[in-house]
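Protein chains in written order, with our numbering: chain A, 1 to 158; chain B, 1001 to 1287.
Keep in mind the hints are simulated off the structure, nothing from the lab. Every residue gets a Cβ at the ideal spot worked out from N, C-alpha and C, and that includes glycine. Possibly wrong hints are sitting among the right ones.
Estimated spans, in silico, between C-beta atoms of each pair [what the hints assert, rightly or not]: (1) Lys-154(A) - Asp-1262(B): 42 to 52 Å; (2) Phe-103(A) - Tyr-1265(B): 28 to 38 Å; (3) Phe-103(A) - Lys-1060(B): 33 to 43 Å; (4) Gly-85(A) - Glu-1025(B): 51 to 61 Å; (5) Gln-14(A) - Ala-1283(B): 47 to 57 Å.
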Amino acid sequence: MAKQHISFSLNGQQVDALVEPRELLVHTIRETLSLTGTHIGCETSHCGVCTVDLDGVSVKACTVLAMQANGSEVMTVEGLADADGLHAVQQAFIEEHGLQCGFCTPGMLVRAYRFLRDNPNPTDEEIRWGMSGNLCRCTGYQNIIKAVHSAAQKLQQA
Amino acid sequence: MIPSGFEYHAASSVQDAIRLLTENEDAKILAGGHSLLPMMKLRFAEPAHLVDINGLRELKGIDRDGDVIQIGAMTTENELIASEILQQHCPLLVDAAKLVADPQVRNRGTVGGDVAHGDPGNDHPAVMLALDAEFVIQGPEGERTTPANGFYLGTYWTGLGEDELLTAIRVPVIKTGTGYGYNKLKRKTGDYATAGSPVVLTLDSDVCREIRIGLTNVAPMAIRAEAAEDLLRGQVVTEALIEQAAEQVMAACDPAEDLRGDVEYKTHMAAEMARRSIRDALARARS
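Go ahead and model the full structure; you've got the sequences and the hints to work with.
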């Protein structure tokens, strides 16, 4: 299978890659483009650690072909912070102890970012529903809910 | 885990997709990919060609024309949930979509993929049986429509030909006097049903004029519990009759034992999901 050229925006920068049709987006991001913030967990679209933002919606990058990202806009956890420092979602996860081992955190952060864009003032119930595609094996869910709630308040004040 | 090699084709139109299916042996349609790609990683499926239809805008969207709602096959689960037309005129589909997988998967997973894949664990097939939906299919010979009833033949086996493409689904508007319910038992968010049962029924002065009871993941394919329906049709539905119908639901079940439970457990849970959905549907039909 000949490799094919794709081009897409990754965290605001235009990037190019040569990919096999069977290559998954998460591998292109991690191995070809060397952004290893996006993790690989279950690889069968259950756990959510590979969550990235694709054209304004959260997707699991282990279940999207790299070819399918051609021409799109992708944001990973590396795209959250800017020159002014950490994103409100990241700051809230630190302050509310929204992580223990940290393995699930990139997916949680990118998902929380998009969830709060879609629903800026959620109830705890809505947060549980909106974050239900991301698993934390340390089971620190309470603090993750608190962190998303706190991030919502920070973003509203900003 | 990555799938074994295949040739990737992005279809430029429905006709192009059918041409690609016809010209390439062992070609599969790639819709949302959230069933097919995991199967390909695990080598349960190794198609030589993938025909990606994600670029086909004509396969998206939800429109109502009188008493019929037409849903493009590539409409995602989250688009079903967000649809005002469905919220107002066919809320059963909204309720069912909310029970499918998780938020990220619902952004990619499509109603057409769910319907056409033939997995008995998928939620929409039994819902489409309960709704008496119709499937619009394009093939080399042109367009045809076929009822959901009779479409499901076995596990990963449907009435869809290898060179055909499901393009749309037609469901009736749920009118006053008609009630619905979908209850699904699952171990966790994102899991397939241990057992599920969608029900649609129509009352006429409290007499059940029409009823369809679907069953999810308790047989090789989505099925209807027709003997249970026959018991309730033409009757005032009492708790005692629901109990008799539940017995007939259990008789219709033929589940496979797996980590979600053994045959007896799944059979009993299917009956309980059906009881709850019948009660939900009755309450809604009366309101």
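Right, here's what the structure says about each hint:
A hinted range of 42 to 52 Å holds for the C-beta pair Lys-154(A) and Asp-1262(B), which are about 49 Å apart. For the hinted restraint 28 to 38 Å between Phe-103(A) and Tyr-1265(B), the CB-CB distance of approximately 34 Å keeps it satisfied. The hinted window of 33 to 43 Å between Phe-103(A) and Lys-1060(B) holds, with their beta carbons roughly 35 Å apart. Taken as a hint, the range 51 to 61 Å holds for the pair Gly-85(A) and Glu-1025(B), whose Cβ atoms sit roughly 56 Å apart.
Between Gln-14(A) and Ala-1283(B), the C-beta spacing of about 55 Å keeps the proposed range 47 to 57 Å intact.
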